[in-house]
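Protein sequences, first through last, are from chains D and H. The numbering of the first sequence is the numbering used here, which starts it at 1 and goes up by one. The numbering of the second sequence is the numbering used here, which starts it at 1 and goes up by one.
Derived by calculation from the structure, the hints in this document are not laboratory data. Hints are not guaranteed to be accurate.
No farther apart than 25 Å at their CA atoms in a straight line, the calculated lysine to any residue pairs in the SDA-like style are these [stated by the list, open to error]: (1) H:K106 / D:N147; (2) D:K248 / H:D195; (3) H:K136 / D:A154; (4) D:K255 / H:P252; (5) H:K229 / H:R179; (6) D:K136 / H:P252; (7) D:K106 / H:R179; (8) D:K106 / H:H53.
Chain H residues, not near chain D, derived (Cβ > 10 Å throughout) [to be verified]: (9) D27; (10) N50; (11) D99; (12) V108; (13) W139; (14) A141; (15) V205.
Each residue gets a CB set at the ideal place from its N, CA and C atoms; glycine is no exception.
2 protein chains.
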Amino acid sequence: MGQPFVVTPKIKLKQFDPNFSNGLDKDEIREETAQLHKRIGELQYLLYSNARHAVVVLFQGMDAAGKDSSVRNLLVHVNPAGVETANFKEPSSEERAHDFLWRIHKAVPRYGNIGVFNRSHYEEVLVVRVNKLVPKEIWQARYAQINAFEKILAQNNVILLKFFLHLSKEEQAERLRDRLQDPRKNWEFRASDLDTRAHWDEYQVAFEDMLNECSTPACRWHVLPADRKWYRDYLVAKRVVEALEDLKMSWPKPKEDLSKIKIV
Amino acid sequence: MGQPFVVTPKIKLKQFDPNFSNGLDKDEIREETAQLHKRIGELQYLLYSNARHAVVVLFQGMDAAGKDSSVRNLLVHVNPAGVETANFKEPSSEERAHDFLWRIHKAVPRYGNIGVFNRSHYEEVLVVRVNKLVPKEIWQARYAQINAFEKILAQNNVILLKFFLHLSKEEQAERLRDRLQDPRKNWEFRASDLDTRAHWDEYQVAFEDMLNECSTPACRWHVLPADRKWYRDYLVAKRVVEALEDLKMSWPKPKEDLSKIKIV
Numbered sequence: 001m002g003q004p005f006v007v008t009p010k011i012k013l014k015q016f017d018p019n020f021s022n023g024l025d026k027d028e029i030r031e032e033t034a035q036l037h038k039r040i041g042e043l044q045y046l047l048y049s050n051a052r053h054a055v056v057v058l059f060q061g062m063d064a065a066g067k068d069s070s071v072r073n074l075l076v077h078v079n080p081a082g083v084e085t086a087n088f089k090e091p092s093s094e095e096r097a098h099d100f101l102w103r104i105h106k107a108v109p110r111y112g113n114i115g116v117f118n119r120s121h122y123e124e125v126l127v128v129r130v131n132k133l134v135p136k137e138i139w140q141a142r143y144a145q146i147n148a149f150e151k152i153l154a155q156n157n158v159i160l161l162k163f164f165l166h167l168s169k170e171e172q173a174e175r176l177r178d179r180l181q182d183p184r185k186n187w188e189f190r191a192s193d194l195d196t197r198a199h200w201d202e203y204q205v206a207f208e209d210m211l212n213e214c215s216t217p218a219c220r221w222h223v224l225p226a227d228r229k230w231y232r233d234y235l236v237a238k239r240v241v242e243a244l245e246d247l248k249m250s251w252p253k254p255k256e257d258l259s260k261i262k263i264v
Numbered sequence: 001m002g003q004p005f006v007v008t009p010k011i012k013l014k015q016f017d018p019n020f021s022n023g024l025d026k027d028e029i030r031e032e033t034a035q036l037h038k039r040i041g042e043l044q045y046l047l048y049s050n051a052r053h054a055v056v057v058l059f060q061g062m063d064a065a066g067k068d069s070s071v072r073n074l075l076v077h078v079n080p081a082g083v084e085t086a087n088f089k090e091p092s093s094e095e096r097a098h099d100f101l102w103r104i105h106k107a108v109p110r111y112g113n114i115g116v117f118n119r120s121h122y123e124e125v126l127v128v129r130v131n132k133l134v135p136k137e138i139w140q141a142r143y144a145q146i147n148a149f150e151k152i153l154a155q156n157n158v159i160l161l162k163f164f165l166h167l168s169k170e171e172q173a174e175r176l177r178d179r180l181q182d183p184r185k186n187w188e189f190r191a192s193d194l195d196t197r198a199h200w201d202e203y204q205v206a207f208e209d210m211l212n213e214c215s216t217p218a219c220r221w222h223v224l225p226a227d228r229k230w231y232r233d234y235l236v237a238k239r240v241v242e243a244l245e246d247l248k249m250s251w252p253k254p255k256e257d258l259s260k261i262k263i264v
């Protein structure tokens with residue numbers, strides 16, 4: 001029983017079960033997740049009022065692994081005014097004309113805000129590697145560059161929570177079929193998702209290397225079993241609450257002696 | 001005779017003469033500098049057409065050390081369309097709400113362009129240190145963060161040329177007096193420059209530490225004697241030409257077989 005979520009290199013991805021849910025009860029966990037989401041709403045208010053830290057929640061995973069739904073569910077009780085979301089699709093021509101971390105750093109939220117990275121700089125060692133968009137020595141050098149970059153962020157009060165949504169190939173097939181059949185989901189389907197699926201094993205190798213190379217003391221990777229959406233949402237919410245509570249925030253002290261202020 | 005310009009830690013700033021000009025003749029050097037400036041214009045065209053590297057020229061130095069004039073003179077023959085200049089004044093409230101490298105990374109130019117940083121992230125270990133804006137452990141940790149950041153840039157084809165304009169206290173007095181007396185220069189005078197001047201020795205210590213801590217193999221600091229403007233401009237131009245020529249650029253090869261293309 002039990003399966004680690006935090007990556008301590010080196011791990012073998014095959015030893016992580018995408019369908020794991022620790023024998024927990026779906027309905028009970030859903031109830032608990034709802035409480036955690038409310039708690040995130042409260043903690044965000046403290047984060048915002050103190051404005052000393054920024055928290056970035058980053059998602060990577062295969063197509064249909066649940067990146068978009070994870071974002072939507074996580075933020076259900078969060079004030080959008082304190083959220084900065086970034087969806088890192090294929091780089092624009094302007095982004096491509098800069099170093100690969102340029103667009104990422106630009107999207108790092110201000111202190112007090114929660115940032116969400118749907119995909120990230122890790123695409124530069126995933127799709128870029130699998131599709132051979134740059135030579136090996138280029139993408140391989142990026143692991144160290146990413147670690148250095150994330151360490152700088154950590155040292156400057158930017159808390160980066162990295163979640164790899166670990167989906168099984170069977171469950172992906174289910175979800176893609178669903179997108180093909182359900183008219184409300186058709187818009188989510190892209191034929192290119194099938195090309196990516198055809199490279200499934202290469203992606204698993206790229207993910208495993210990413211997890212082992214870039215789960216550093218300054219910034220850990222989490223492998224979350226993603227076949228069961230309710231369990232995935234629960235784990236994300238739990239970790240985000242923990243990270244926010246670790247900041248031990250309280251309401252900022254007033255800057256003036258409020259007891260002497262009279263409002264007439 | 002001779003004085004090093006490239007910093008190999010550890011150096012003592014006192015051993016660098018701000019008035020040094022290597023016994024050279026002012027008129028001859030001015031002529032040579034003009035040729036170098038033309039050459040920079042040509043090399044920029046190659047840089048732009050290849051769009052594989054970005055070059056950033058960074059200036060630090062006391063008030064009136066010549067940061068603004070260095071920029072203006074360096075770029076005299078350069079097409080402004082390929083230049084991105086950044087003047088890092090006191091951080092805005094938006095900049096202050098992010099990690100200190102956020103505004104710097106945003107200003108890194110696109111490949112093919114020349115960037116100019118008038119002041120830079122180094123203010124975070126200079127004015128911030130002298131004016132005690134943050135505790136020592138914060139600014140001291142920034143040396144390593146800066147080195148890691150600049151190494152990432154170097155590994156991603158961003159060539160950063162760092163120039164410390166080394167001015168004497170006497171020459172600064174001359175130039176500040178000039179700003180007070182010449183109506184065309186009054187606008188450049190700020191009473192706060194005198195506050196900074198009052199902390200001269202503390203700034204020299206902060207500069208020396210910056211030079212020793214952050215002149216790395218990936219990105220060297222240069223100490224340029226700045227009392228004589230003609231010699232300063234010559235050294236900047238010479239180093240920029242060298243750096244551009246080191247790239248061994250040639251005109252990009254056509255992507256199609258141009259010999260078969262007929263224009264009718």
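Structure-based check of each hint:
1. H:K106 / D:N147: Holds: K106 (chain H) and N147 (chain D) sit about 19 Å apart, inside 25 Å.
2. D:K248 / H:D195: With Cα atoms ~39 Å apart, K248 (chain D) and D195 (chain H) exceed 25 Å; violated.
3. H:K136 / D:A154: At roughly 18 Å apart (the allowed maximum being 25 Å), A154 (chain D) and K136 (chain H) satisfy the hint.
4. D:K255 / H:P252: With a Cα-Cα distance of about 60 Å, the restraint between K255 (chain D) and P252 (chain H) is violated, given a limit of 25 Å.
5. H:K229 / H:R179: 16 Å, holds
6. D:K136 / H:P252: 24 Å, holds
7. D:K106 / H:R179: 38 Å, violated
8. D:K106 / H:H53: 20 Å, holds
9. D27: The claim holds: D27 (chain H) sits with its nearest Cβ about 42 Å from chain D, beyond 10 Å.
10. N50: Nearest chain D Cβ is 12 Å from N50 (chain H), so the label holds.
11. D99: About 4 Å separates D99 (chain H) from the closest Cβ of chain D, which leaves it inside 10 Å; violated.
12. V108: Violated, because the least Cβ-Cβ distance between V108 (chain H) and chain D comes to about 6 Å, which does not exceed 10 Å.
13. W139: Per Cβ check, W139 (chain H) is outside 10 Å of chain D; nearest 12 Å; holds.
14. A141: 6 Å, violated
15. V205: 24 Å, holds
Comparing the model with each earlier hint shows violations of hints 2, 4, 7, 11, 12 and 14; every other hint is respected.
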